[in-house]
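Residue numbering for the sequence shown follows UniProt numbering, beginning at 1 and increasing consecutively.
By construction, these hints were calculated from the structure, which means they are not laboratory data. Fair warning: there could be bad hints in the mix.
[Unchecked claim] What follows is a list of derived Cβ distance ranges for each label pair:
#1 H243 with N146: 19 to 29 Å
#2 A213 with E21: 44 to 54 Å
#3 A152 with A178: 47 to 57 Å
#4 E136 with A83: 53 to 63 Å
#5 N160 with A83: 19 to 29 Å
#6 Y175 with D114: 29 to 39 Å
#7 Q157 with V33: 42 to 52 Å
#8 E143 with D171: 22 to 32 Å
[As the list claims (entries may be wrong)] List time: in silico DSS-like cross-link candidates among lysine-lysine, alpha-carbon distance up to 25 Å:
#9 K398 with K287
#10 K399 with K345
#11 K182 with K399
#12 K287 with K14
#13 K252 with K399
#14 K252 with K427
#15 K151 with K182
#16 K415 with K308
#17 K367 with K398
#18 K345 with K415
Just so you know, these numbers come straight off a predicted model, no measurement behind them. Heads up, the beta-carbon is just placed ideally off N, CA and C, and yes, glycines get one too.
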Amino acid sequence: MIHIPKSEYARRRKALMAQMEPNSIAILPAAAVAIRNRDVEHVYRQDSNFQYLSGFPEPAAVIVLIPGRAHGEYVLFCRERNAERELWDGLRAGQEGAIRDFGADDAFPITDIDDILPGLIEGRSRVYSAMGGNPEFDRNLMEWINAIRSKASLGAQPPNEFVALDHLMHDMRLYKSAAELKVMRHAAQISARAHVRAMQASRAGLHEYSLEAELDYEFRKSGAKMPAYGSIVASGDNSCILHYQENDALLKSGDLVLIDAGCEIDCYASDISRTFPVNGRFSAEQKAIYELVLAAQEAAITEIAPDKHWNQAHEATVRVITAGLVELGLLQGDVDELIASEAYKPFYMHRAGHWLGLDVHDVGEYKVEGEWRVLEAGMTLTVEPGIYISPGNLDVAKKWRGIGVRIEDDVVVTKHGCEILTGDVPKTVAEIEALMAGAA
Numbered sequence: 001m002i003h004i005p006k007s008e009y010a011r012r013r014k015a016l017m018a019q020m021e022p023n024s025i026a027i028l029p030a031a032a033v034a035i036r037n038r039d040v041e042h043v044y045r046q047d048s049n050f051q052y053l054s055g056f057p058e059p060a061a062v063i064v065l066i067p068g069r070a071h072g073e074y075v076l077f078c079r080e081r082n083a084e085r086e087l088w089d090g091l092r093a094g095q096e097g098a099i100r101d102f103g104a105d106d107a108f109p110i111t112d113i114d115d116i117l118p119g120l121i122e123g124r125s126r127v128y129s130a131m132g133g134n135p136e137f138d139r140n141l142m143e144w145i146n147a148i149r150s151k152a153s154l155g156a157q158p159p160n161e162f163v164a165l166d167h168l169m170h171d172m173r174l175y176k177s178a179a180e181l182k183v184m185r186h187a188a189q190i191s192a193r194a195h196v197r198a199m200q201a202s203r204a205g206l207h208e209y210s211l212e213a214e215l216d217y218e219f220r221k222s223g224a225k226m227p228a229y230g231s232i233v234a235s236g237d238n239s240c241i242l243h244y245q246e247n248d249a250l251l252k253s254g255d256l257v258l259i260d261a262g263c264e265i266d267c268y269a270s271d272i273s274r275t276f277p278v279n280g281r282f283s284a285e286q287k288a289i290y291e292l293v294l295a296a297q298e299a300a301i302t303e304i305a306p307d308k309h310w311n312q313a314h315e316a317t318v319r320v321i322t323a324g325l326v327e328l329g330l331l332q333g334d335v336d337e338l339i340a341s342e343a344y345k346p347f348y349m350h351r352a353g354h355w356l357g358l359d360v361h362d363v364g365e366y367k368v369e370g371e372w373r374v375l376e377a378g379m380t381l382t383v384e385p386g387i388y389i390s391p392g393n394l395d396v397a398k399k400w401r402g403i404g405v406r407i408e409d410d411v412v413v414t415k416h417g418c419e420i421l422t423g424d425v426p427k428t429v430a431e432i433e434a435l436m437a438g439a440a
């Protein structure tokens with residue numbers, strides 16, 4: 001399985017500390033365990049910022065970065081080894097493993113954090129933390145600060161400035177390294193195979209969850225522990241519900257299926273959408289809408305390159321879709337005026353994409369000082385135009401109602417344009433129909 005190497009985590013910590021003010025400290029907690037029901041837990045998934053800096057996969061842990069500390073700049077608090085608990089819950093790294101396997105300079109039991117961390121904070125003028133992300137940890141942090149303040153009359157020096165880590169971390173995470181792109185390509189290839197498998201399995205009489213099972217099988221078989229987000233398998237009228245999650249309707253001949261699904265590898269997401277006919281053949285109306293969405297996506301992809309700004313791809317999709325809807329008779333009027341009045345929005349109500357990385361909707365500003373962000377090499381994003389004609393839209397002919405189409409790929413900005421990471425899934429009408437005919 002492909003993983004981010006230990007050396008890269010060390011480079012990231014070093015890069016973050018280089019941006020921190022002198023005489024400062026950064027403190028970041030691991031994700032808490034989430035309870036599913038009563039005493040049953042959800043499958044554990046590490047906090048993305050914590051993962052980015054450490055690769056450490058356990059809960060009940062805290063990263064402390066102290067630039068210039070003589071005894072080591074990277075301190076990790078984590079659970080101790082415990083034979084009885086490991087029998088029930090699995091192996092732990094412990095303090096030795098934190099140093100040996102995860103590159104910590106120093107490691108302490110998490111149970112000792114109340115005694116040790118205030119001493120590490122004391123005398124530092126600035127604290128960087130992930131404020132607001134974990135209210136319980138925020139309260140703990142303030143208790144440690146107050147413990148230092150209570151000893152100010154004895155000469156203790158509490159920090160006088162608190163800064164959110166987000167603005168530093170998010171900008172770092174926006175630019176993907178070669179190692180990150182290797183992991184993301186792998187996730188994209190697995191997800192592509194899953195989408196192909198679902199297309200090949202599709203037939204009337206199955207249920208949406210039948211296709212979801214095909215996705216999950218391919219993800220798991222290929223080493224992905226979990227989907228990057230809740231898979232959307234939306235057939236018929238359900239394809240017009242953007243975040244449909246029930247996935248339990250019957251697949252009917254003559255309907256489309258919109259699948260939006262991707263797996264996660266080493267916490268990095270892939271995100272693919274494809275739309276195809278249940279029976280393997282597009283109707284004339286389905287084909288017209290599908291090819292319009294595909295043309296919009298192709299137009300957007302040509303607008304993704306260094307020195308072009310974030311919104312150019314979206315603007316391209318709006319123009320192609322609006323003009324196409326006029327041509328099909330679904331909108332009436334002048335294209336420029338329809339764009340200005342946002343007349344397309346009942347059919348295309350979301351944006352053309354989002355950043356992609358450790359979070360499926362990844363961090364990073366879309367605007368800088370009020371202006372759309374200029375794209376640069378290493379930025380990774382999705383391109384996902386869609387058209388959704390509500391079954392309740394009485395302003396259009398009945399033959400169009402209930403058609404929902406979204407086509408989504410993952411791309412990385414390169415020096416001269418962009419690379420499509422998810423190109424292994426058929427995308428044209430002819431390719432999809434040929435694939436599904438071959439599976440019959």
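Outcome of the hint check:
Range check, H243 to N146: Cβ separation about 42 Å, and the 19 to 29 Å hint is violated. A213 and E21 have their C-beta atoms about 52 Å apart, which keeps the hinted 44 to 54 Å range intact. Here the CB-CB span from A152 to A178 is close to 48 Å, well matched to the stated 47 to 57 Å. Restraint check, E136 to A83: a C-beta distance of roughly 28 Å breaks the suggested window 53 to 63 Å.
Separated by about 44 Å at the C-beta atoms, N160 and A83 break the suggested range of 19 to 29 Å. The supplied range of 29 to 39 Å is met by Y175 and D114, whose beta-carbon atoms lie about 37 Å from each other. Between Q157 and V33, the C-beta spacing of about 35 Å breaks the proposed range 42 to 52 Å. Range check, E143 to D171: about 30 Å between beta-carbon atoms, so the 22 to 32 Å window is met.
Annotation: proposed proximity of K398 to K287 holds, straight-line Cα distance about 16 Å (limit 25 Å). The straight-line distance between the Cα atoms of K399 and K345 is roughly 20 Å, inside the 25 Å bound, and the hint therefore holds. With a C-alpha separation of about 44 Å, the suggested pairing of K182 with K399 is violated against the 25 Å cut-off. Taking the CA atoms of K287 and K14, the gap is about 52 Å. The hint is violated against a cut of 25 Å.
Restraint check: the Cα-Cα separation between K252 and K399 comes to about 16 Å, which is no more than 25 Å; the hinted pair holds. Annotation: proposed proximity of K252 to K427 holds, straight-line Cα distance about 22 Å (limit 25 Å). Our distance criterion of 25 Å between C-alpha atoms is broken by K151 and K182, whose separation comes to about 50 Å. This hinted pair checks out: K415 and K308 have alpha carbons roughly 12 Å apart, not beyond 25 Å.
Under the criterion of a C-alpha separation no larger than 25 Å, the hint pairing K367 with K398 is inconsistent with the structure, at around 40 Å. Taken as a hint, the K345 and K415 pair is broken in the structure, with Cα atoms around 33 Å apart against an allowance of 25 Å.
When the structure is compared with the earlier hints, violations turn up for hints 1, 4, 5, 7, 11, 12, 15, 17, 18 and for no others.
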